[in-house]
Amino acid sequence: MNSEPLLLATPSGDALNLRPEGPWTAANVATLETLSRSVGADVDRSRSVTLDMSGVGALDTLGAWVLEKLTRRAASSGRSAELVGVADHFSGLMDEVRQVNRHTPAPAAAPNPVLLWLNDLGKSTIGAREDIAVFLQMLGALFTAVIGVLRRPRSLRLTSLVYQLYRIGWQAIPIIVLITFLIGAIIAQQGFFHFRRFGAESYTVDMVGILVLRELGVLIVAIMVAGRSGSAYTAELGSMKMREEIDALSTMGLDPVHVLILPRVAALVIALPILAFIGSIAALYGGGLVAQFYGDMGPAIYIARLHEAISVTHFEVGILKAPFMALVIGIVACSEGLRVKGSAESLGRQTTTSVVKSIFLVIVLDGLFAIFFASIGM
Amino acid sequence: MEGTQEEFAIRVRDLVVGFGRQTVLDHLSLDVRRGEILGLVGASGGGKSVLMRTIIGLIPRQGGTIEVMGQPIGGRTQDAATTWGILFQQGALFSSLTVRQNVQFPLRENLVLSPELMDEIAIAKLEMVGLRPQDADKYPAELSGGMTKRVALARALALDPPILFLDEPTSGLDPIAAGDFDALIRTLQKTLGLTVFMVTHDLASLTTVCDRVAALADGKIVAIGPMRELLQSEHPWVRAYFHGKRSQMLQHQMR
Numbered sequence: 016m017n018s019e020p021l022l023l024a025t026p027s028g029d030a031l032n033l034r035p036e037g038p039w040t041a042a043n044v045a046t047l048e049t050l051s052r053s054v055g056a057d058v059d060r061s062r063s064v065t066l067d068m069s070g071v072g073a074l075d076t077l078g079a080w081v082l083e084k085l086t087r088r089a090a091s092s093g094r095s096a097e098l099v100g101v102a103d104h105f106s107g108l109m110d111e112v113r114q115v116n117r118h119t120p121a122p123a124a125a126p127n128p129v130l131l132w133l134n135d136l137g138k139s140t141i142g143a144r145e146d147i148a149v150f151l152q153m154l155g156a157l158f159t160a161v162i163g164v165l166r167r168p169r170s171l172r173l174t175s176l177v178y179q180l181y182r183i184g185w186q187a188i189p190i191i192v193l194i195t196f197l198i199g200a201i202i203a204q205q206g207f208f209h210f211r212r213f214g215a216e217s218y219t220v221d222m223v224g225i226l227v228l229r230e231l232g233v234l235i236v237a238i239m240v241a242g243r244s245g246s247a248y249t250a251e252l253g254s255m256k257m258r259e260e261i262d263a264l265s266t267m268g269l270d271p272v273h274v275l276i277l278p279r280v281a282a283l284v285i286a287l288p289i290l291a292f293i294g295s296i297a298a299l300y301g302g303g304l305v306a307q308f309y310g311d312m313g314p315a316i317y318i319a320r321l322h323e324a325i326s327v328t329h330f331e332v333g334i335l336k337a338p339f340m341a342l343v344i345g346i347v348a349c350s351e352g353l354r355v356k357g358s359a360e361s362l363g364r365q366t367t368t369s370v371v372k373s374i375f376l377v378i379v380l381d382g383l384f385a386i387f388f389a390s391i392g393m
Numbered sequence: 019m020e021g022t023q024e025e026f027a028i029r030v031r032d033l034v035v036g037f038g039r040q041t042v043l044d045h046l047s048l049d050v051r052r053g054e055i056l057g058l059v060g061a062s063g064g065g066k067s068v069l070m071r072t073i074i075g076l077i078p079r080q081g082g083t084i085e086v087m088g089q090p091i092g093g094r095t096q097d098a099a100t101t102w103g104i105l106f107q108q109g110a111l112f113s114s115l116t117v118r119q120n121v122q123f124p125l126r127e128n129l130v131l132s133p134e135l136m137d138e139i140a141i142a143k144l145e146m147v148g149l150r151p152q153d154a155d156k157y158p159a160e161l162s163g164g165m166t167k168r169v170a171l172a173r174a175l176a177l178d179p180p181i182l183f184l185d186e187p188t189s190g191l192d193p194i195a196a197g198d199f200d201a202l203i204r205t206l207q208k209t210l211g212l213t214v215f216m217v218t219h220d221l222a223s224l225t226t227v228c229d230r231v232a233a234l235a236d237g238k239i240v241a242i243g244p245m246r247e248l249l250q251s252e253h254p255w256v257r258a259y260f261h262g263k264r265s266q267m268l269q270h271q272m273r
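Sequence lines, in order, name chains A and B.
If you use my numbering, the first sequence corresponds to residues 16 to 393, in order.
If you use my numbering, the second sequence corresponds to residues 19 to 273, in order.
A hint or two may mislead.
Okay, derived cross-link-like pairs now, SDA-like style, lysine to any residue, Cα gap no bigger than 25 Å in a straight line [unchecked claim]:
| id | chain 1 | residue 1 | chain 2 | residue 2 |
| --- | --- | --- | --- | --- |
| 1 | A | K356 | B | Q107 |
| 2 | A | K138 | A | L151 |
| 3 | B | K156 | A | M257 |
| 4 | A | K372 | A | G155 |
| 5 | B | K156 | A | L353 |
For the record, the hints were derived by calculation from the structure and aren't laboratory data.
On a predicted model such as this, the values are computed, not experimentally measured, just so you know.
Just chain B, with the same shape it has in the complex (with noise of 0.2 Å):
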């Protein structure tokens, strides 16, 4: 947080990824302005995921730059885990650990503190996420989908990092939980000045909860901005995407 406020947290310029012939993303540019939730939609093996992983370095890329909180991003960055955090879509968690070392893992690995601070502060996560202290001595196999996707997201906040990542962190809940998640997410971005990054199928989470939204197509990003201006899109996949059949029965519900 110190030095210049740079106005973009993430920006991606025209990177290529490709695995063997089949191109993915094809000199696509992207940027992500600081403290806004940024949703990514796209076909299904459209290259969402992969475009996620570049980002955070678990995909190697062709061509092109980005830059993380002004800094160049090449390969696995070694203060990863202070820069960001990652939901993964099924959790992610070591199943081997009980939530609460879950959670303690990151600041096990990346701060010396004494183990009462570690207790406490991995206590106030789990609490900021909305589960009980008693939830702390589970093991990942004992826990609800909600509650495992509430444990990584405690997990990926262990160390305060200002950008957040989420691979379709409603997928798999029911509307109720999804809608929680939801609430959730808007409240521990506005509490802690996060920047999140996430990727989704949800509409619900696309009209309720980002700030703007980027359509993914072709390996480049044809559209982006508020919801809004999406549904104006003159664009094909875009229009076939938000005014196909099961969009237009939400939107007209939400109307």
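Bound-form chain A, shown alone (with noise of 0.2 Å):
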């Protein structure tokens, strides 16, 4: 037995002998298309062509459809080809590849791109349409659920609703307080660093204060929980909907929107405001360390400062945006969990889309409400 396959071609006036000998495997695929190739245009020109079988010692699928290729193409307009030496054994391979490849569709014509570009436009205004159905539907059954719950208090599912506080807000403490710090201390820095040039140093304070505690804090939160709690939302509920545990609770009579919505919505609720807070409360922190070890100021002087420049009005501002930044992040997290589809990659695919859609809601959103506090002179 050879231990490379071979094909040898003798030409004898129109006909053409061909014999493969050896191993023709999915091993030696390479030299298996080199040699069919290199007798491709003796067999376009030979009318009759005999493939002699008997020296093939091992075949496989691959091997015998790269022979069928040949007799297929000896074949072709009119011509004739004939297999002979066939062993036993491998008759039932190559009367299989026979039939194989026998209507392959044509490929389908490559579409217009400007005509592709304009479906997609259009599909995603479409989608974009769609999404803003779909938040307003989740916004309608929250409400319903609420109504619900407060007509029957026993209703809300309260154990649901103390885990899940515990999870997206006593154990996202640490982190929030660690990158809130960082970032008040970062902005006092910049602000000692810049200001000193002009001599208004103390102003730093005014700054960090005012920026805290109207827009960082709360944003800075909003955007952390987005990407810890809502990412995990999604992949929770999308998870639970290709188990089809969802269908499981709706056949039971149960409302998922109530059962697994509310809690996890309520509980997102109830943590950020306090979560900024808490987070505001390092970012100033931060920014004192900063006013003491960098720019000097002692941290009477700093909390002095903070108490003039700071009033409670500016805690407001930030402070009551922070509830209705857990709604979008709840709803966009929540919808976009019960859209995942069957496969992973969907997934992956509305999980990714939740926290990037949510933590752009919670962008514009910020902006909106500084459009209002500004216009009602907060």
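Combine both chains into one complex, guided by the hints.
Next up, the structure:
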């Protein structure tokens, strides 16, 4: 038995005798392709081709297909091709291969790129409308569930709510404190560095206080929560959807919005203001440390300046935004979770969408609030 | 296919596998002959899948030897894909790839061949397992249970491995689809000269396609042989398995 496959071509007049030898298997595919290509021209020239298989030592589907392709090429346009010397244990495979690749569908014509672009544009426009509809539906369903709970307070899933609060509130505190602390410190350092040039260092405290309490504290915390808890909600609900758990709930006469989504969104609405408060304090503390070690401003002066610079209004502006941001994050996360379809890929895509969309909406909401508070003079 | 023709495709000797303190396989020995279809039966959670997964190297063993085609197996072997194909219970198709790409995946990773030939081979495999070329561009999420199993089989056979492992191939299929699948396995086994190792609960497949059946109980192979012999077995678990109410009914109808 040869270790390398061979293909001997013996032309005699109009006829061609092909004799493959050795192992015609997938392991030698590169050689097989070269061999079959090298006799291609001879095959096209000959009026009749005989394929003598008696020398083939080993054969698998790939080798059989390469030989079958040669035979088909030889038999095209009214010429003749004959297969001889097929060993018994190969005949089944050769018969099988003769049946395949007979009706390969024509490949779809390449679509016009402009039309494709217009198609995508149209689809995403309709998709955006659907997004809004889904958001409003979820908001409505939540509102109905809340009314249901108000009418029958015992129907509130208290255990679930407490557990979600623990997960997204209590367990999030360390990372949120760390990040907001660093943000506060960085803002203070930048303030001291740049304001020093025109002797306005003491205004750094005003900047840190107002920026953190009005905007950054709540915004950073909301973004963190969207990334940390929003994605978890989407993945959880998505995999529950994939494993038909949500359908099982519905068939038991329970409303998934009531059982799964309300406790989650309610936990977010309760936890986010608390986290935003803790985060703001951590940021002010970070700013204070920088003031002492970088800006040569003692804690007493820092606190006194802070007392002058900020008022309860600033704090209110920040903290009032938190529950609304929590609602947006919760609704987006849960509705994206319910849109997961069967595959693992769709779970990943929906989770990404959930995080991107909720961060985007949180920032848009923050902008709208800024306009609103400015216009009512807060 | 070169070298000496081994009589046994798989030889398992004194295999011990356990998790923590629990021993699942206890000095198990099993021979699978070349070119046969061996069915493995056993209680749920009794170690059938563990045995299969140990042979293919997914679960580490605590003792014993495993030889596949005369070669001892140690951990995960490099040329695993060319030695065996595996049909997992749920198909385990890659969900981000189309049917065509799933079948081409082992080809692409193990061989160097032209895209044209790769396409033709993929379609050929799909047709051999009874699918239409039009199904090639679907994603696994769009397939029915029976089609998923067929695509998984086409992928397992992509490199023409000499051994095929099937983990409950007919579970979740309706009797017609299950019967078709059994016939398909029989045909492919004959055409390609495969050795098939099949874990199954399906009494119909055991009777119609398996050359021999092995019964796994208490971590050992307690009976092995053609279905006829197993029905005569005196082992209490084997008796309970084949002479329970459900089995009796089936056998009665087959008679």
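Hints, verified against the model:
1. A:K356 x B:Q107: Distance of about 21 Å is within 25 Å: holds.
2. A:K138 x A:L151: holds, 20 Å
3. B:K156 x A:M257: Between B:K156 and A:M257 the Cα gap is close to 19 Å, so the pair holds against 25 Å.
4. A:K372 x A:G155: Answer holds: A:K372 to A:G155 is near 19 Å, not above 25 Å.
5. B:K156 x A:L353: Measuring from Cα to Cα gives roughly 24 Å; hence the hint holds.
Consistency with the previously given hints is maintained throughout, with no hint failing.
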